[in-house]
Structure formats: C-alpha cells, structure tokens
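Starting from the known structure of chain A, arrange chains B and C on it as the hints suggest.
Residue numbers (the working numbering), protein chains in the order written: chain A, 41 to 403; chain B, 41 to 403; chain C, 41 to 403.
FYI, nobody ran anything at the bench for these hints, they're computed from the structure.
Just so you know, nobody snuck in bad clues.
Any copy, or any two copies together, can satisfy a pair, since identical chains are not distinguished.
With a straight-line cut-off of 35 Å between C-alpha atoms, the simulated DSBU-like cross-links for lysine-lysine are:
#1 K52 / K351
#2 K253 / K351
#3 K283 / K351
#4 K211 / K52
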Amino acid sequence: MPSKNENLGSSKTNKGNFFEDFHVGMSLKHATPRTVTAGDQALYQALYGSRFVLASSDEFARSVGLAQAPLDDFLAFHLVFGKTVPDISLNAVANLGYAEGRFGVPLFPGDTVTTTSEVIGTKENSNGKTGVVYVRSTGRNQYGEMVLEYVRWVMVRMSALALSPRKSPTKAAEVPDLLASVKTSDLTIPEEMTFAGFDSVLSGSPYLWGDYKVGERIAHVDGMTIEEAEHQMATRLYQNTAKVHFNQHSEGQGRFGRRLIYGGHIISLARSLSFNGMENAVKVVALNGGTHVAPTFAGDTIYAWSEVLEKIELSGRSDVGALRVRLVAAKNNDCGDFPLRDEQGGCHPDVVLDLDYTVLMPR
Amino acid sequence: MPSKNENLGSSKTNKGNFFEDFHVGMSLKHATPRTVTAGDQALYQALYGSRFVLASSDEFARSVGLAQAPLDDFLAFHLVFGKTVPDISLNAVANLGYAEGRFGVPLFPGDTVTTTSEVIGTKENSNGKTGVVYVRSTGRNQYGEMVLEYVRWVMVRMSALALSPRKSPTKAAEVPDLLASVKTSDLTIPEEMTFAGFDSVLSGSPYLWGDYKVGERIAHVDGMTIEEAEHQMATRLYQNTAKVHFNQHSEGQGRFGRRLIYGGHIISLARSLSFNGMENAVKVVALNGGTHVAPTFAGDTIYAWSEVLEKIELSGRSDVGALRVRLVAAKNNDCGDFPLRDEQGGCHPDVVLDLDYTVLMPR
Amino acid sequence: MPSKNENLGSSKTNKGNFFEDFHVGMSLKHATPRTVTAGDQALYQALYGSRFVLASSDEFARSVGLAQAPLDDFLAFHLVFGKTVPDISLNAVANLGYAEGRFGVPLFPGDTVTTTSEVIGTKENSNGKTGVVYVRSTGRNQYGEMVLEYVRWVMVRMSALALSPRKSPTKAAEVPDLLASVKTSDLTIPEEMTFAGFDSVLSGSPYLWGDYKVGERIAHVDGMTIEEAEHQMATRLYQNTAKVHFNQHSEGQGRFGRRLIYGGHIISLARSLSFNGMENAVKVVALNGGTHVAPTFAGDTIYAWSEVLEKIELSGRSDVGALRVRLVAAKNNDCGDFPLRDEQGGCHPDVVLDLDYTVLMPR
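Excised from the complex, chain A in its bound form (with noise of 0.2 Å):
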C-alpha cells in the first residue's frame, strides 16, 4: 500500500547526490549562474567589517592597475562552494577539507561565475554508510576564464536503498595525490596588477613582504560574536542550501540541537581579522589546504592568529611577493596564546579553523 505521500506527492525535488551515485572522472555543472554586484559586495562587508583596501576603494584598485576594486577573493569562493552543494553535498556529513586551491582573475561586479566540479577520488568507509567523495571544483567568469579552482573532499552517506540489502564495496578506493601547497609557479598574479605606487599609509599599515619572517605568529587581538542572522544571511547570499544552517525546527532534535554555522563563514571572519596585524596581504592567490576543526554556533566569538609559513619570491616581480601563511581561528579565545594543539598533541578544543592559504604582499 502506497504512503499518502505517494498517492499526491511529486518526486521533483532534489535528492543530492549519495557515495553510491559518485565515481572517479564524473563531471557536474551546477546550477545556478550567478552575476555578482556591488550589492554582494556591501553584504560581505557588513557581514565581515573587512577593511583590506583593494575590495574597499576602486580608486586603490586603479592606482594598482585594476579597472576597479574587485570582489573580496573569499566572497568568491563562498559563491562558487554555495553552488556545489546541491549536487555535491547535499547529504554529506561532513566537509573534510580543502587543497590545492588557485584563484585566479579577479571577480568584478557584474560578472557571472558558473561553476563546475569533476570527480577526482571516492573512498567507501569500513561502515559501510558513508564514503569519502574527492572533487576539483572551478568558477570560471562569463569569458570562460578560470576565477577559482579548487579540492575538497566530503564524507557523504549511502542512500537508504544502497544500504539495504547490504551490497558489498561497488568501487576499489581511489585517493588523489594532492600537493602540500600550490606550486610557486602556478600562482596567479594578474598581469595588470603593479605595485610599484603602492600606498601603505592609505592600505592601513607600514609593514609589507621584507617586513614577515618565517615563523612569525601574529594575534589579531580582535573578536566578533556571531549572530543567527548574520551567518543565515550569509549563506543564502551565496545560494548555499545546506539545510543544517538555517532550520532551527529540525536541527533542534539533531546531534548539536542547533543550527551550524556554515565553516566558510568562519574562513571570512578570521580573513577580516587578520587585517589587524596582515594589513598588506591585499590579495588571495592560494588555499593550500584547511580543516573545519570543530562547529561553531551562533553567540560564539571568533578570534584569530597567523602564522608565517613560508616567504615567496615571484619570478620577475621586484614589486610583490607572497606568504604562505597559517590562518587559525579559535572560539572564545582570544588568541593571546596562538591556541592550536592540546597537551596531548590533538587540537585545541576552542580552535575552529585551521587555513594554509598564500597571500600577495608589495615589496
């Protein structure tokens, strides 16, 4: 006998994606395109307080050889990721990590990203619920050029009719081999881009690439306490419908009782952050690698702390270098004393975001 829901009820809404339904080599296109304006620009920085300088004035842009101020690179990549969720983890339990992340030409307002992914790597888990789904996701603006290109990997489960009867493995297990960091050499550095001119009085700080060595932590001394508007606000900006961040009468009965805050959001506060202290890193060029540590939750408070990991010489550019450096952004904590692990070598349990990302520096 049929459910009632059966009797009436359409099957035209989206399942997502399950383990079973990946394999190495599959290609996606996301719906939806997005154009991008200067109205998504205003949100991101009511929703941040960013004050990096290219995103905040076109004339700084200019006086460095962009048409106008770009989009934030972080607003970006929430708008690519936003769109891979329907087909890549709408049933995912969790969003395991990040590698070898590119940006590429900036975005401006009035361009439109369409977003891509292909299936790099899917690994089924000693469970037998659940598996882990590789892909190489990519935004290309309305030329075709390459905007974001990016890895992430997923645990997501089987569907229900996958489990049951109980099949045995459908796939050999197949991992990529992902590179510790982007190389040097496939970095983007817009040609137009020069910073010869550049002004560190008006960018907010003194100190630039020669300024960092190696192995030097900084505390962003700074904290934002995170409202459910605020982080709801910004997740449907980026179209992202993950469910667990904005249904209260479901997440109430789940296993935190809560809604969770989308992890990017915490990326973008730790960004802004780190203005304090970073005030020169004017433009991502890499994500070489990031966890989501543990969940953060509406009334939690961010704090966060850099590291840096490495100086980079550019080839053939006596105006910029790059740092790669280690973003880290703790809850309620202020950071003082760059948390990151606990005595035992695990991690800090007030430590929520553990970024490796590359970022430009006039010289």
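Coordinates of chains B and C only, in the frame set by chain A:
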C-alpha cells in the same frame, strides 16, 4: 485646559486614513518613489536565498531575451505594497486578501517605481468600529509602464472622532466583483522573452511545463527559521512603515506580545523554498488570490508545499506555458503531509499562508 | 625572561594612539579609502527604513537638479567617522561631542571617500589617566571635494607606559573655541539643486519651510527595536573597528556586560524616525552639536522627537530655507512628552541622544 502636548506639539505627523476617510473612486498617489538597485536584489538574496535563475544571472537573463537580470518578482511586489501602507493600512486591523494581481514589465536595477491606488470598495462592519476597504494599487516604472497591479482588502479602524458620538453608517456597502483568477489573456509575457534555448541544466532542474500535471503536489523539503533582524531588515528595505513589525516596546503590550512579521516576508520565503521542486517556474505573472491565514513570529520555521491547480497554454507560444499554483506555507511543520485543513474543515493550525499564483515555465 | 608571547609574537597589530601620542597640529591620513555603492545605500535602507525622498529616488533627485540619488547624509557621516576610529578612538573611554559639522558635496554611488584629521586641542584630565582630544576630520571624494567636515572630542586613555612611572602633564591644555552652530554663510547648498518644482505629494508631506515655526515640537510616533545583528552589520559596513560593538566574549566582562551600540546607529535611527513629521527635511547641511547622552543596547526601542530651534533664510534662495533642529532620541519611551531633562535639571534617564543639526527644506 490644553494638555502640555497640545501646548507644544505639532500635528504634522501622519495619522493615516481611517475607515470613514475612504470612499469609492478616491485616488491616492503614494510617497516616496523608489529607485531599485543591485543592492536591493543582493539583500533580497541574503534574506531568502532564492535560486531562480532569471534574477540570479545577467547572462542567463540575456539568453532568454532580457537586457539583464530583473529583480525578483516578489521584491517588486513588496516595494509597491510598502508604499501603500502609510495611506491605506496605517490604521488596519488585518490584511484580508489579494486578488487580480498582474505582474507587468520586469523591474531592472536603476528603475524607479511610483505607486498609486484607487479605492474600489468599502463595507462598514456591523460592530460600527471598523470596515473593509478594497483598493487597486498600481506600481509603474519611470516610463509609466505597469510593473504590478493588484487588489487587496484590509480591515481598517474608524477614528475616535467618528466613533464618538456614534453616527449611523456613512455610506452604503460597495463590494467589488473580483475574479477568481487573472484571465489568461491578461497575463503579461514580455514580448522579448523567448525560451527556445532554455538551459535546464543551469536553471537547476530537467522538469519543464510538460512534466507537471494538475493535482500534483510538491512538498518543498527545506525549512527556514526567521530571526527578528531578518524580517525587520526586509520590511524596512520595502519602506513598509507598519508599526507592528518593528516595535517590541509597544507590541510587547499588544495582542501577541511580540513583533508581528510582515506577511509578505512569508510569501518570499515560501516562493524561495518552492525552488526545490519547481526550479523552472522562472517568472511570476499573476497573484490570483491569497490569505495570510495566521501570524508568524521570530523563531518560527517556515516550510512550504505547492499544488498545480491549472495548466495554461499561452496563445502563440510553443516555448512557454503557465502553471496556476497553490503555494501553502506552514510553520514548524515540514509539509510532508501537505497541511491545509484541520479535521473540521477549518484551517490547519500550522498553516500561515495560502497563496494562488501563476508562473511561467518553459516547455 | 620574556613571556612566551614575546618569544613568538609580532607587534604589527595596531595599538591605536594614546592620549600622550596626540599633539595640537598633528595630521592624520586615515586608512582605508572607501568606494560607496548602491549596495551600501540598500543596506542603509534595510537598517533604518529611511524614506526621505532624495536618497530614495533617482528620478526625484533629478527633478531637483542632482545627477542621481545621493547616499543618505548620515551614511556619509558614518563612513567618514569609521575611518577615524583606528587612529583617534581605539583607546577612547567616551565619545564626548560633535561641533562645526558641515556637509559639502553629496556622495553618489561610485565615489571614493578618503578621510584625514587634524588634532585641534588636547586637555589632560586631573586623574592623570585620561585626557580629551579634539580633532577636526574631513572626508573628501575622489575629486578632492569636501563631503563632510566636523569636530569631535573624545576622552582617550594614556598608555600603561605613560602612567608608570607617573609623569607630570606633558603639555598645557589647549581647548579650541567651537561655534555653537555652523554659520549660515558656511552652509553648503549644492548650486545645481533647485526646489522650484518640488513635488510634495511624492515627498510625503504638504508641510514646507514656511509651515514650521521656532519652538514647534514634533513627537515622531514610531519606535524601532534594535537587534544585535543589525547594529553589528551597520557598524561593520562603516568599517568602524571599535571593539566594544562586536565582542560579547570580552564585553560580557566589561562595564555593561553587553555589546555597546555605536552611537551613530542611534543618530541614523532617529533621523529615519523623524521622517514622520519632517518629511521635507530633504538634506542635512550641518551638525552643530551633539551628545550621546546614554548608552544603548540590543533590545532597546528607540523613539525620537524634534524641536525647531531656528528658521534660516538662505541668501539668494527663494526656493529653499534651512531649519536648525534639535533631534532627541529616547529609549523605551514614546517621546509623547518630549523627554529631555529630569526634575533636577539633569538628563532624563531615557534620553540617549541630543543632536543639533540643520536641514534644508523647500519653501
């Protein structure tokens, strides 16, 4: 002896119109005209998370013949509606219904909307304290083109003056004949729009007009919990001045003890949720009717379901058809059972919105 | 032995200036320049619900001679103010007052504002721990035109270093002579603006300059309750970095136990509320003075009232006059009794803002 306020105070503030101030044939030109921008659309995006493709992408909008992405249809509705509040419903007890709503030319960033209303009916209630006012409101762009036209009726209080001394009814009831739904020949399908090359991968679903059948019901799965900051920001964006939405100090002593959420906020949430299962309902062309069945408050989680009421062929158009759809929103009920009526045939206690609207869908 | 932080940590973060760092004649060029957009205006709209016609409609703005709708005047104020915070008031105890504020050319979407300040006075307090700093700050657009110029004075802490060992006052007090109000001849009325054909139906009120009289008081009726997400988004939009507004983790242990709302948020709420009764006060031209009388917190409901202090004829202009207005905001008090003083002549306990400003109004 005058009170001290009469001594000093001015009477320049807007008292709004009371029931006795309205008469059939009365015309109102509403302040303030409003230029719409990409900023409005970005906020709308952040508030509701809509993914319908036309408002999301300039490139896609061009592929169907528009000059650029139009604003979301219900954003246009709220902007027009908001203008009418100071003149029509500042002294309203309840917003009772909508009819004969027609969406005309799309609104694009940079357009300026001006709204007028005509009173088309009045009916005093037997309590002698309130009456129902019917108005037809029209929003026009800077070229005088109709953007939206709709009828609503509201229950409005009489002024203290009209009540004391008690007078006999000032006018005979005049109740307009309203159509059950907008005539097909009155639907506006912008001439420049053509769906021949419609890309249903980018739009988010393979299901087109031919795939839906009358009587089909779709539970839209997702739910969104509303925060005070969200509905307040939305309602202020629309320049809707109804006091009940913003003032906890006064509403705390009112009938609900809480700020009441603008009914249109629920319409937009339900429309946005309906993307999951009706992705290709790309444009709203009619608002045939609708009732805000019950009030909503911050903390409520809104879900929605749809039923296809009618499939409409459009004369001379093989590329696109229309669907007349019932869109129901419920609070704290996932709509898997399509709530509408209770066992006595009254309203289901969780239902908050019962809307009847018509959308375009490519064939 | 160095602390572990000194071992590892960098000192590149901004400590801000302490009282002893300021001296009369000191010039500061503030980071970061800021391009304003229609997105900023949309957020401002959503945060305050303003309905003043110039910022609302491009078409209306053109009808009075402007090229398009300018940003709201106090949005310009907040953007300029926000820039000064990292250099002027990062170590402030209190923001004490404003004077000699002049609004110059309007800001339009696309303009970039850069802000400078000059120290015009310092006065050490007798406690030897704090002092008052007077600064004149100026925001200019990309053409170097003055957008806003104003004086504010703040109480700023001395650094720990300056306090120990205790030193004698480093400098004699220099307190600037400040005007009680901006001179009429110093008001900027943009030359291109003409109000001859001003449409007072579209602007929302028939009351023009001639209809207001000195001493007239208007209680603005409406109230708005503030949410944490709202004031945080506003203050970040203005790139104001004062810690007390964002960090519940630290403020929970501070003097109020709560995040303090940026005083400018109250100015904008009061200005927006003042529309109801002063609809044709279309442009702010001077900020003669102002005090944030008491702090406000999320959950407070803000009301406002105005008093006409002065009617000002503008030389050679028969189409427009100015009104000098006192704008008072109170919390959780509907302002029907025009609260200002308590029975002992001190501040009324509900009053939070006492502002003296000058507006243009068509005649």
